[in-house]
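Trainee: Residue numbers (our numbering), protein chains in the order written: chain A, 1 to 276; chain B, 1 to 276.
Hints may be right or wrong, so weigh each one.
[Said to hold, decoys possible] With beta-carbon atoms standing in for the labels, derived distance ranges:
| id | chain 1 | residue 1 | chain 2 | residue 2 | range |
| --- | --- | --- | --- | --- | --- |
| 1 | B | G41 | A | D90 | 48 to 54 Å |
| 2 | A | Y94 | B | Y94 | 25 to 31 Å |
| 3 | B | R208 | A | D90 | 56 to 62 Å |
| 4 | B | A268 | A | T245 | 27 to 33 Å |
| 5 | A | V4 | B | H19 | 55 to 61 Å |
| 6 | B | Q36 | A | D226 | 24 to 30 Å |
| 7 | A | S5 | B | S93 | 22 to 28 Å |
| 8 | B | Q108 | A | E265 | 34 to 40 Å |
| 9 | A | N132 | B | G87 | 51 to 57 Å |
| 10 | B | G41 | A | V4 | 45 to 51 Å |
No lab work stands behind these hints, which were simulated from the structure alone. Nothing here was measured: the structure is a model prediction, and the numbers come from that model. Note that beta-carbon positions come from the ideal geometry of N, C-alpha and C, so glycine has one too.
2 protein chains.
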Amino acid sequence: MEVVSETCCFDGVQGVYRHPSKATGTEMTFGLFMPQEAQHGPVPILWFLSGLTCTHENAMIKAGAQCWAAEAGIALAYPDTSPRGHGVADDESYDLGLGAGFYVDATQAPWAPHFMMESYVIRDLPDLIMSNFQIDEDRQAITGHSMGGHGALTLGMRHPGRFRSLSAFAPICNPMASDWGRKQMTAYLGPDETAWSAHDASALMADRGFDGPILVDTGAADSNMDLLRPETLAQAIAARRQQATWRLQPGYDHSYFFVASFMEEHIAFHAEALWA
Amino acid sequence: MEVVSETCCFDGVQGVYRHPSKATGTEMTFGLFMPQEAQHGPVPILWFLSGLTCTHENAMIKAGAQCWAAEAGIALAYPDTSPRGHGVADDESYDLGLGAGFYVDATQAPWAPHFMMESYVIRDLPDLIMSNFQIDEDRQAITGHSMGGHGALTLGMRHPGRFRSLSAFAPICNPMASDWGRKQMTAYLGPDETAWSAHDASALMADRGFDGPILVDTGAADSNMDLLRPETLAQAIAARRQQATWRLQPGYDHSYFFVASFMEEHIAFHAEALWA
C-alpha cells in the first residue's frame, strides 16, 4: 500500500492510498479519514460509496462528512467507483464503465474480470484497511450517494451481519426498472433479468430486508426522480415492516449540496448504531 | 445579472451568478449563499476571498462554510480571483494573471485595465449584490484563504468602516517580502515599492490597524510558511496593540481540509461581530 497523501483534518487524518487489488486486478485508490480517537485504539468505520462519474475524491472533498465523523469518533472510507487503468474496458457514455461500476461483480466480457466492485468493497479493501489501520471490524456501517446509495443498500442487504446500519442519499432504488440500471446490469451481469434482482434494493428489500435501521433521503426537486424510483423502495419497506426512515426533502436536488446538508443527521444515525 | 444555478443547501440557497463588471470590463462569475432567514429580511454577509488558481467555486464546494453560515443566519459571497475571458492578459505561471488577481487594482500594462480586483470586490460586486439580494449592508465581514487571506486583511484595513471583523486562513501576510507578492506587485503596481506597502497586511497593520477584531489561523505544517510570513503580521499586531487572535494550528497544512477544520470557529467569530 502506497501513501498518496496524509492531511490533518478536523484533528484527524484524511489520507489517500493506492494499492494493487486482487479483486479488480488493477491499482486502486481510496480515501480514508481516521479520527483522532484512532490513536488510542480501534474505531468504528462508515463506508461512503460514491455515484456515477466520481472517484474516491469527490465525496472526500465535497460531502463535509469529516466534521461529523471527527465529532463521533468514526473513520470514513471512500472507495473508487470502478477499476481504472491500462486494459480496463470502458464505454463512451458516462454511466457505464469507468466511474460506473455499480458495485457488482461483472460476469460478462469485456467487463469481467476487472469490474469486480462488490468483491473489492466487501472483501479486498476491508481486508487492506483492517490490516493497516485501527478499525473495529465489528462496528461497520455504510452509506452512499446515487449509484453509491444503490451500492450501500444492496451490499448492506446482500451481506447480513456486516453492517449495523444503512443509509443513502438519493439512491438508485430500483435499477431493474431504470435507465440507471438496466443498461448496466445487461452489460455487467448479462441479459437474464433473474440475475439482476439480487442487486436491486427494492427487490432485496422484498426478498430479505435488513436486520438494523435504514435511513434514506431524497431531494424532492431531484431531476432524476424517475431514475431513482424511491417510491418502489418505500413500498417494499412498508410490505416488509422494515425499520426505516424514508424522507423526501423539499427543495433539494441531486447535488453534493444536498448530501452535505443532511450529512450531520446521517452520521448521527450511524453513530447511534455503531456505538450501541 | 444571469442566474447560472440556484441549489437548495442547508435550508438556504447556494447560487452562482454571472454579470458584466464595470470594474474589470469583463463578465464575472460569483457564488452567493443566502440563508433561509433572508426570506424574512436582510441578513449580514461574510465575504470569502479565495487563493491562487481558484475560481468562485473552490471554497463554495470545499470549505464547508454554508453549514455554519446557515446556523448563524449569514450570507456568504464567493468572488472569483481574477478577471477572465477574451482579451484578458495572462502569464504562464500559476501565480500571476488568471486566478491570481491579488485583490489590487493594476496600474501597469498589460494587466490594467482588466485586473481591477479591489474595485470589483469593494465596489462593483457589493453594489450588484446589495441591489439584488436581501443583505444588510451595515453588517459585513471578510475572510479568505492564502492570497484571499491577504485580500481579506488588506481590503479590511484599506476600507475602514466597511467590515466589522476580519479573519484569514493561512494568509499571505507580508507580500512585499515574499515570492508570493513581489513578482505580482511588480507586475500589477510597477517596480516602485513605495506603492506596494498599501497592499501589504503587515505594513497596513503597522500603519493603521483595524477598528475591530481579527482572527488569523495558519497550519503549523504549512509548507508555504516562508511565503506566508505570519510572524511579520504578529509582530505588527503586537506593536499596534491590535485586538487579534493569531494561531498556529499543529499538524495542519495549506489545504481546504485545514480551512474546513476551522470554518466553524471563524464563522462563529464573525457572527459575534455581525450580530452585535
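Trainee: Work down the list of hints and note, for each, if the structure agrees.
Mentor: A quick look at each hint next to the structure:
| no. | hint | result |
| --- | --- | --- |
| 1 | B:G41 <-> A:D90: 48 to 54 Å | holds, 52 Å |
| 2 | A:Y94 <-> B:Y94: 25 to 31 Å | holds, 29 Å |
| 3 | B:R208 <-> A:D90: 56 to 62 Å | holds, 59 Å |
| 4 | B:A268 <-> A:T245: 27 to 33 Å | holds, 30 Å |
| 5 | A:V4 <-> B:H19: 55 to 61 Å | violated, 39 Å |
| 6 | B:Q36 <-> A:D226: 24 to 30 Å | holds, 28 Å |
| 7 | A:S5 <-> B:S93: 22 to 28 Å | holds, 24 Å |
| 8 | B:Q108 <-> A:E265: 34 to 40 Å | violated, 52 Å |
| 9 | A:N132 <-> B:G87: 51 to 57 Å | holds, 53 Å |
| 10 | B:G41 <-> A:V4: 45 to 51 Å | holds, 48 Å |
Hints 5, 8 from the list above are not met by this structure, while the remaining hints are.
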